[in-house]
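Given next are the chains, with one letter for each unit.
Number of protein chains: 2
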Amino acid sequence: MSTTIPSARPRVVIIGCGFGGLEAARKLRGAPVDITLVEKTNHHLFQPLLYQVATAGLAAPSIAAPARLLFRKQPNVTTLLGEVERIDTAAREVQLVGGVRLPWDHLIVAAGATHSYFGNESWERFAPGLKTLADAFEIRRRVLMSFEAAELEADAARRRALLTFAVIGAGPTGVEMAGTLAEIARHTLEGEFRHIDPRSAEVLLIEGGPRVLSAMPESLSQRALEQLQKLGVQVRLNARVTSIDETGIEVESPFSDGGAGKGVHRIDCHCVVWAAGVAASPLGRQLCEATGAEADRAGRVKVQPDLSVPGHPDISVVGDLASAMSYRPGKPPTPVPGVSPGAKQMGRAASENILRRIEGRDTLPFRYRDYGNLATIGRNSAVVDLGTPFGPIRFSGRFAWLFWLFAHVYFLIGFRNRIVVLMDWASAYWSFERHARVVAHVEVKDEEG
Amino acid sequence: MSTTIPSARPRVVIIGCGFGGLEAARKLRGAPVDITLVEKTNHHLFQPLLYQVATAGLAAPSIAAPARLLFRKQPNVTTLLGEVERIDTAAREVQLVGGVRLPWDHLIVAAGATHSYFGNESWERFAPGLKTLADAFEIRRRVLMSFEAAELEADAARRRALLTFAVIGAGPTGVEMAGTLAEIARHTLEGEFRHIDPRSAEVLLIEGGPRVLSAMPESLSQRALEQLQKLGVQVRLNARVTSIDETGIEVESPFSDGGAGKGVHRIDCHCVVWAAGVAASPLGRQLCEATGAEADRAGRVKVQPDLSVPGHPDISVVGDLASAMSYRPGKPPTPVPGVSPGAKQMGRAASENILRRIEGRDTLPFRYRDYGNLATIGRNSAVVDLGTPFGPIRFSGRFAWLFWLFAHVYFLIGFRNRIVVLMDWASAYWSFERHARVVAHVEVKDEEG
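Chains A and B are the protein sequences, given in the same order. If you're matching positions, the first sequence starts at 298 in the working numbering and goes up one per residue. If you're matching positions, the second sequence starts at 298 in the working numbering and goes up one per residue.
Same shape as in the complex, but just chain A:
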């Protein structure tokens, strides 16, 4: 079947409705083009707060907006829910699973990234990652059900394993998860159990590199480490995970630091969260095969300075799927970091270049504007590294946390969501309660079969 939208205007197909795809489509508001936005979920997700859904602090609708609602008032956008099967560069068509074909004059691929287990894909079952709402629900279920199972467990060793939580990878997501899990154990669940003491739970943060938040300046990494330890998180640096199974993980430490000692150690635990690696969407490799473009180690497509695919000026790649450089006049190009402002800026730049191409003008090289980097650790603690014309401003602690909080509320989509998230955070701050401690599927049948 072929759904061809009759059109005299240039047809723009955008794959993905993350930060990159969303901004690309918005940038074309009012432009003389017909846009088809293809997304495999029905919502745009505000991923920086996804860990809050996973840790039962926010309800899913507070950080997700229906994709088609966002474009209700942009009539040149048609939103389609579907999965891309193949990008046919010869026919210049995107093929969806199910047979629908979408011809393009300009294509923006913003399909994002997923978790990577570095070749150990069997680990996924035991250590889910955090990229989608479905992932967040699964992690929420595992966290809350571990405490429930511990309350029923008579065997002390098994109870200890159920009360041991391991987060692998100390990037922003891993740090946020570990800090919040420690808060849940220490405060949120206080007084609710009769057979276990939730405060006896151990939260481990395991990082292969020598410091947490390695994208941050070293001084802020050190502050983050101290704040994590203050919250009760056991941080193991330079520790490589060598095995994950249903009942625990194996960790190899080359140094005898962090309490674990040198050598390979087994940690019995049931709830493991994978925050260690991302890989580009498989569409990246498919696109490279079809166009001869190069992929980097993470499977991202190496793009031209104007974000197009080499030899294919009609195809641009943006966001986490792109391996892009930033070009500042008179300076050597620098890699664009894989953060949401980068994806947004790339999305807008790709659309801007489409308009220039339509008008017969030259495209512009992409320039990334770095406004800084923030990460939260837990209650009253965050680190902030702001880029200003006068040099970097760095701070941490309670003020950094408030800064992080309002920055995230500001960038959330929708007035209602901003109010509800602020309200939930205020109430969580005073009561230590997390109001989304609800598990719809206590047991997941997929896992058993």
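Any given hint could be a false lead.
Put simply, identical chains are the same to the list, so a pair is met inside one copy or across any two.
[Claimed, not checked] Straight line, CA to CA, 35 angstroms or less: simulated DSBU-like cross-link-like pairs of lysine-lysine:
no. : residue 1 : residue 2
1   : Lys-527   : Lys-370
2   : Lys-337   : Lys-428
3   : Lys-599   : Lys-337
4   : Lys-527   : Lys-428
5   : Lys-527   : Lys-599
Derived from the structure by calculation, the hints contain no laboratory data. Remember, it's a predicted structure, so these values are computed and weren't measured experimentally.
Fit chain B to the given chain A structure using the hints.
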């Protein structure tokens, strides 16, 4: 394994944390008993608003409260998340799946009800019912995905089938579902699709009996019918569903009314919601077999006037699992309706009778206090039937709707939830938007395999 809580005080086991179980446990606050509350989900669900989760108006956490949070400050309650395998009346122990055994001195069974397909259990796959949060997510997914699939569908007949929604059963849940679906099609999705007009969707409400809301006085049924039709719902009365499969339903009408005509008709539709029948939890039959008690046609346990099981004064059954009568002095006993106030009152009465038994006093027969009956239909429309000492007060329309709205917010658990639900309703009222239009699992793998 046996988890025996050493105790000199009478041990009360409560199965279920719905309205009945929750109120039974609360009534025993401060009483010299040790309570174990067993629940197979981790939350108490405010079921009267579950249809709002299914129709994307509310987020799940707004109508669900963690069971153990509710009893944090009631130290004589131990909450356990588990599924009951068997009630061992000889050993006076509840056996959980997994092996844990809970000995009781007093047992309250409040395990509730589930959907009944009247022997056609194969229909469940095509026509899910609405009892749990998992059910609500599944119905939300089907409703929203039907519009998405229609937008991609080139074949006119299949598109029509995707835009036909059938709700089976015109009790309160069926009426709420149908009214809300009509509102979604007519208003919420306006302007969001480019290939279909959501307003062309048809919403059918199919009822086997001669009127909607049959528990209401006939005049209010008539008002509800008119309001449904005004909202655009096609109501088919006296229509019996004879078959449900993946692509549609068959309906048999003895009369040639309601547009369908006499005889058996096939209706092509993909999204079918089952609101036609409930059956008591299977624990009811197991209890009847073990005790010799009688079950009614719906599988509910016929209880004594004091809500205990005949011959087993230590076992009470309350809520939807009980077939109970109300005893008013000088009047013949009347059946207790299967509504949440009935379950709450039974829960409190069962606990009151446990306390009387502990104190060596006679138990009291149950007396149901009927404060009336309300049902909403949609925007600005509801019907209310209040019992007052001066006789019934009946009204419908906008004022009834406001009455329904505030009554439900009042009975919701938690200050935060009341505020958020009010806010979401106010915003939905003015914008027609439903803020929880988020589907985590676009495809459900269970269904495909």
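So which of those numbered hints doesn't the model satisfy? 5
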